[in-house]
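Peer 1: As a plain string of letters, each chain reads:
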Amino acid sequence: MPNLEVNIHNLILKNPVMTASGTFGYGQDFGDFYDVSKLGGIVTKAVSKEPRQGNFYPRMAETTSGMLNAVGLQNKGIDNFESVIYPELKKINTNIIINVAGHTVEDYVYVCERLNQLDHVHAIELNISCPNVKDGMAFGTSCPSATALTIAVRKVYHKTLIVKLSPNVTSIAEIAKAVEDGGADALSLINTLLGMAIDAEKRKTVLSTAMGGLSGPAIKPVALRMVYQASRAVSIPVIGIGGIMNGIDAVEFLLAGASAVQVGTANFINPNAALETITGIEDYLNRHSINDVNELIGML
Amino acid sequence: MPNLEVNIHNLILKNPVMTASGTFGYGQDFGDFYDVSKLGGIVTKAVSKEPRQGNFYPRMAETTSGMLNAVGLQNKGIDNFESVIYPELKKINTNIIINVAGHTVEDYVYVCERLNQLDHVHAIELNISCPNVKDGMAFGTSCPSATALTIAVRKVYHKTLIVKLSPNVTSIAEIAKAVEDGGADALSLINTLLGMAIDAEKRKTVLSTAMGGLSGPAIKPVALRMVYQASRAVSIPVIGIGGIMNGIDAVEFLLAGASAVQVGTANFINPNAALETITGIEDYLNRHSINDVNELIGML
Amino acid sequence: MNYPVKHLKMKNLPMAKVTHDLQLIENRQLNPAYHLLIFKSSVAIPEVFPGQFAELLTPDSAATFLRRPFSIYNADYQLNTIQFIVKIVGNGTKKLCQLSTGAIVNIIYPLGKGFSISEGKSLIVGGGVGIAPMYLLSKWLTTNNREFDILLGGRTEADIINVKEFSEYGELDITTENGKLGQKGLITTHPWLKDPGSVYSRIYTCGPEAMMRAVARIAIASQISCEVSLENTMACGFGVCLCCVVATDKGNLCVCTDGPVFNINNLKGWD
Amino acid sequence: MNYPVKHLKMKNLPMAKVTHDLQLIENRQLNPAYHLLIFKSSVAIPEVFPGQFAELLTPDSAATFLRRPFSIYNADYQLNTIQFIVKIVGNGTKKLCQLSTGAIVNIIYPLGKGFSISEGKSLIVGGGVGIAPMYLLSKWLTTNNREFDILLGGRTEADIINVKEFSEYGELDITTENGKLGQKGLITTHPWLKDPGSVYSRIYTCGPEAMMRAVARIAIASQISCEVSLENTMACGFGVCLCCVVATDKGNLCVCTDGPVFNINNLKGWD
Ligand SMILES: Cc1cc2nc3c(=O)[nH]c(=O)nc-3n(C[C@H](O)[C@H](O)[C@H](O)COP(=O)(O)OP(=O)(O)OC[C@H]3O[C@@H](n4cnc5c(N)ncnc54)[C@H](O)[C@@H]3O)c2cc1C
Ligand SMILES: Cc1cc2nc3c(=O)[nH]c(=O)nc-3n(C[C@H](O)[C@H](O)[C@H](O)COP(=O)(O)OP(=O)(O)OC[C@H]3O[C@@H](n4cnc5c(N)ncnc54)[C@H](O)[C@@H]3O)c2cc1C
Ligand SMILES: Cc1cc2nc3c(=O)[nH]c(=O)nc-3n(C[C@H](O)[C@H](O)[C@H](O)COP(=O)(O)O)c2cc1C
Ligand SMILES: Cc1cc2nc3c(=O)[nH]c(=O)nc-3n(C[C@H](O)[C@H](O)[C@H](O)COP(=O)(O)O)c2cc1C
Ligand code: FES
Ligand code: FES
Chain X
1 MPNLEVNIHN LILKNPVMTA SGTFGYGQDF GDFYDVSKLG GIVTKAVSKE PRQGNFYPRM
61 AETTSGMLNA VGLQNKGIDN FESVIYPELK KINTNIIINV AGHTVEDYVY VCERLNQLDH
121 VHAIELNISC PNVKDGMAFG TSCPSATALT IAVRKVYHKT LIVKLSPNVT SIAEIAKAVE
181 DGGADALSLI NTLLGMAIDA EKRKTVLSTA MGGLSGPAIK PVALRMVYQA SRAVSIPVIG
241 IGGIMNGIDA VEFLLAGASA VQVGTANFIN PNAALETITG IEDYLNRHSI NDVNELIGML
Chain A
1001 MPNLEVNIHN LILKNPVMTA SGTFGYGQDF GDFYDVSKLG GIVTKAVSKE PRQGNFYPRM
1061 AETTSGMLNA VGLQNKGIDN FESVIYPELK KINTNIIINV AGHTVEDYVY VCERLNQLDH
1121 VHAIELNISC PNVKDGMAFG TSCPSATALT IAVRKVYHKT LIVKLSPNVT SIAEIAKAVE
1181 DGGADALSLI NTLLGMAIDA EKRKTVLSTA MGGLSGPAIK PVALRMVYQA SRAVSIPVIG
1241 IGGIMNGIDA VEFLLAGASA VQVGTANFIN PNAALETITG IEDYLNRHSI NDVNELIGML
Chain U
2001 MNYPVKHLKM KNLPMAKVTH DLQLIENRQL NPAYHLLIFK SSVAIPEVFP GQFAELLTPD
2061 SAATFLRRPF SIYNADYQLN TIQFIVKIVG NGTKKLCQLS TGAIVNIIYP LGKGFSISEG
2121 KSLIVGGGVG IAPMYLLSKW LTTNNREFDI LLGGRTEADI INVKEFSEYG ELDITTENGK
2181 LGQKGLITTH PWLKDPGSVY SRIYTCGPEA MMRAVARIAI ASQISCEVSL ENTMACGFGV
2241 CLCCVVATDK GNLCVCTDGP VFNINNLKGW D
Chain V
3001 MNYPVKHLKM KNLPMAKVTH DLQLIENRQL NPAYHLLIFK SSVAIPEVFP GQFAELLTPD
3061 SAATFLRRPF SIYNADYQLN TIQFIVKIVG NGTKKLCQLS TGAIVNIIYP LGKGFSISEG
3121 KSLIVGGGVG IAPMYLLSKW LTTNNREFDI LLGGRTEADI INVKEFSEYG ELDITTENGK
3181 LGQKGLITTH PWLKDPGSVY SRIYTCGPEA MMRAVARIAI ASQISCEVSL ENTMACGFGV
3241 CLCCVVATDK GNLCVCTDGP VFNINNLKGW D
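Sequence order for the protein chains is X, A, U and V.
Counting along the first sequence from 1, when you hit position 152 you're at 152 in our numbering, and nothing is skipped either side.
Take the position in the second sequence, starting the count at 1, then add 1000; the result is the number in our numbering.
Take the position in the third sequence, starting the count at 1, then add 2000; the result is the number in our numbering.
Take the position in the fourth sequence, starting the count at 1, then add 3000; the result is the number in our numbering.
So here's chain X without its partners, still in its complex pose:
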């Protein structure tokens, strides 16, 4: 049995497989399929200060080997999170990572301060990259704002601080460094690529917001490239995300330089995708007689 345990800063993951924000709810809905405590970690849907209704319908467009979403960070806000969702999350025996979104630096700081109080929140993932919210986008696409936000949150949040990067930038390495400089403990990438779908028959954009976030296997080559570039630019751990459908995809991200991965859109197509990604990595290690998954990280 090869070792699957990896570390992301102070976080000990029993295996390198987490689920990506916005594709796993708050973990509960997958309980029917498997014991989600088997995962290395669960990243929740974004939590913001106030409740958000998100965007208008339609919010989804299927694309070739991918999908666009324009959910727009719909969530019930931090109060509801604390009183309703958090008690449920406490029943899950693995790392709970809360994805945090905000309109302003103050919003982010407020939510992170509250989350800092919660024992069973093991880390936060700052979503500075969601392309659906105008303000959120700005933080992730300029180095000074990314640094400033990270510094502000770092002051109030004392556990593992992961910052999730937007791929919609000229240089992912520069943003990665900016966030490291701000005091992040780890990076996760990529969030969705900004894309668009058009219904030729109706001569309208498919999404109510015209543009939305592209995810799925279509973006895997871009994600691998960015993980490769970012992990070479910083010395903090990088979590790889983007189009991972199985264990082999996950191994590719580890080889590119990721210390762990997140499975996103795949959860929709195969509810057992994250679980099977763990066994897929294990099979790979056995097949190649590698004793420790850490040996794969960055080993191109």
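These aren't lab readings, by the way, just hints derived from the structure by calculation.
Source: prediction; values computed, not measured.
Just so you know, nobody snuck in bad clues.
Partial selection, computed: residues in chain U whose CB lies under 8 Å from chain V:
| no. | residue |
| --- | --- |
| 1 | Asp2060 |
| 2 | Ser2061 |
| 3 | Ala2062 |
| 4 | Ala2063 |
Dumping the calculated DMTMM-like pairs for lysine to aspartate or glutamate here, alpha-carbon to alpha-carbon at most 20 Å:
| no. | chain 1 | residue 1 | chain 2 | residue 2 |
| --- | --- | --- | --- | --- |
| 5 | A | Lys1155 | A | Asp1185 |
| 6 | V | Lys3268 | V | Glu3209 |
| 7 | U | Lys2094 | X | Asp199 |
| 8 | A | Lys1202 | X | Asp283 |
| 9 | V | Lys3094 | A | Asp1199 |
Yeah, the Cβ is synthetic: ideal placement off N, Cα and C, and Gly gets one too.
Using the hints, position chains A, U and V with the ligands against chain X.
Peer 2: Relative to the frame of chain X, chains A, U and V with the ligands by itself:
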């Protein structure tokens, strides 16, 4: 019979369908499949000042609904172009657009000056965006350098000047404006997205260059979004490229704001793809009782 | 007439969902646009309530990436079979309807909240492929000794399918817009919908949105209860992606988990 | 033994390429890894020379995006059939070998430059699926009254296929690394390759690159001519993408149009 004719600055295209640079050679190889004069235009493989051997093998990786290439602008240089390829191109009865690549501004200017002398070269497409060549990339990812290059070429090239943009930027609208300001007559986008493929079994990158350019249907949502943004940012015509496989895909680009399109990777899978794209647009117009393809442009 | 025995219960609430492979044992083309697909499961199929749906994954198709949602048309707990009525509208439905007997299709089900039991007599109004959830509903109402009539409508006679099966359960009438079958005209012009309040205490409807909205307006005018089964673009089908929302009096709710069946009283813009 | 009548010509140059649909009329599993696929064309198939290949497109598969190149194993201009030997190595070959009779596959062919005619006696050296282009070659050499021997090698007996067909055309011997069939050992240890210059004036080889390189070294040492059929990752297969280059004395050339058959004298790093 609906009107299919569109204009790109002074260029009159008998239909809005061209073939994308690097996917159609110099037109000759497709003569076995159909009469390439039926196309709205042919964009050649990049021509540079000196001959280039391109990158080492392997240069290609298949990805989910796409492919990565690392050809690296292999070509025989402008002298060979003039003496060997150009006489062949003269036999083709449609617009001939030469894709131009260079290491330095001087290289670009030199090649464009030579091409300006050739009657049967109807336009040039400045490739400031190829991700495989370090120098070429720089021009397309910063506004000042994109403007400067366009100005320099504009001085020596007096026919239709198309500038081809890189999608690997934070703001395509800003680059589009920078190039318009430099004096371009039209824009074409997108070139390939920078991506990477890893062979997990061999624990190596698939491409000799590690990173390469992603093309095919996987990138269509990103391409549509960028054409939409760029065409709204400038007043010169935009040519849409990225994952077009058929007439409906082409109509989507026209609706997003493109005045014409280029078919790229699809040529490899279906050698008749560009021709079928023309008939596909015509079918669409007939089905929707639209008399003129120009009515579709930007009509979301 | 094989009752699904488990349908004696009146409560219709989401069960634990499962995912497994099914084998296509019959692909019956009803007409050029509609197919009845019968799948067999090698494990016991879960209890399914009328109005619930499933997410099907077409094997290895370049044409579709996501699963596709389909109402459960019928379920047989003895034979472990599950049936769908599929109308071909795009690549996914085409591919599904082209499958040969023996093909393996993965399913996630049962999903969503189905119809609730009516008190008095009710009217089922199904338009086109919107009849799909109505067959289980008819069975269930019958099992629970509820009275109901069935009204099926379509643009042409091709949209009216499986009439015989339905008529085993209740009085049935038909409308088509071209008048080739049943009464000519929109389904909303049928006499049963003239003054439904005098006969029925509830309408159940599924079909094109414009039709459901017209039916809803009639129900409101007649002051009777009305349940509609909504569609939406779904990425997951089980409540995690938040792509399938509809505006309700409780804010945006997911059609896949809070629906697909809603009482029109709870929907915004349906009055 | 049906000669393709058109193969009487000695010149082996690229013809006009065509693309059309083929129908699979036989999918013969030779062993777990190898299939012989026989396709029928409804239009006349073009003249194909030994060493030329085709690009096949597997219909609607999520697993493969691009076409896949395969050597033409056999062609029958009377029956309008074309045959391939496919070894399952990944998704595309697996999918192709799973196709049922009747399946439609699109083809582009004939592609590339094949083998050239030898003057004296020649030796054919095929390793594993590298035997694929050698059958047409054997027919062609026979038709043109050339003498030749055939040496087939593989890791195990499973890599040695269609021996009977080959032995109709020339003297044949076999090697396997596990020794279960023919002589035990690498193909390069076979006596025919000890001093080939004393018997043969040309070696034709196709197989794993390491094998071809070893054979090439032997040919050089024996001062005889050697043609190798190379593989490469191909996006188009007909010279437009420039993805498939090999270093030659004329610079980077495309394996798909300037090859796949090269004389080792023209290849860089093959001496
Ligand atoms: C809860 C629910 C139950 C359904 N029950 C049935 C049923 O029993 N029988 C049946 O034939 N159909 C049913 N549908 C509709 C069915 O899901 C769509 O027809 C199918 O997803 C279209 O797939 P496609 O690939 O053929 O079409 P596409 O090529 O994807 O699209 C064709 C058209 O269908 C629409 N469409 C695509 N995906 C969806 C989606 N997920 N939801 C709604 N519309 C979509 C598109 O907007 C487009 O206009 C149901 C839908 C829902 C949400
Ligand atoms: C000119 C030529 C003639 C060939 N003739 C035959 C033949 O007659 N019979 C036969 O079985 N095979 C032949 N091949 C090899 C065949 O093309 C590959 O086995 C096939 O493309 C693999 O596809 P896949 O999807 O199964 O594998 P993939 O999943 O794509 O890859 C599996 C393995 O095959 C390699 N591979 C993938 N694509 C190619 C490619 N285009 N060229 C070379 N290697 C590749 C990959 O590097 C990987 O190691 C030929 C190749 C060339 C270039
Ligand atoms: C429907 C949907 C909702 C998402 N919501 C969020 C979110 O709230 N916060 C966030 O940081 N990322 C969100 N993402 C992005 C994913 O977490 C992930 O970064 C992205 O989808 C790429 O991974 P994938 O290709 O595996 O899906 C969402 C993605 C999808 C598809
Ligand atoms: C093999 C290959 C070679 C290419 N070479 C060039 C080139 O020389 N110059 C250029 O501007 N673009 C080049 N491109 C980019 C295409 O012209 C096009 O912009 C891109 O592939 C996206 O379109 P597609 O998805 O339709 O292929 C190349 C693309 C491919 C796949
Ligand atoms: S479809 Fe994902 S939440 Fe409803
Ligand atoms: S495969 Fe495209 S040039 Fe050879």
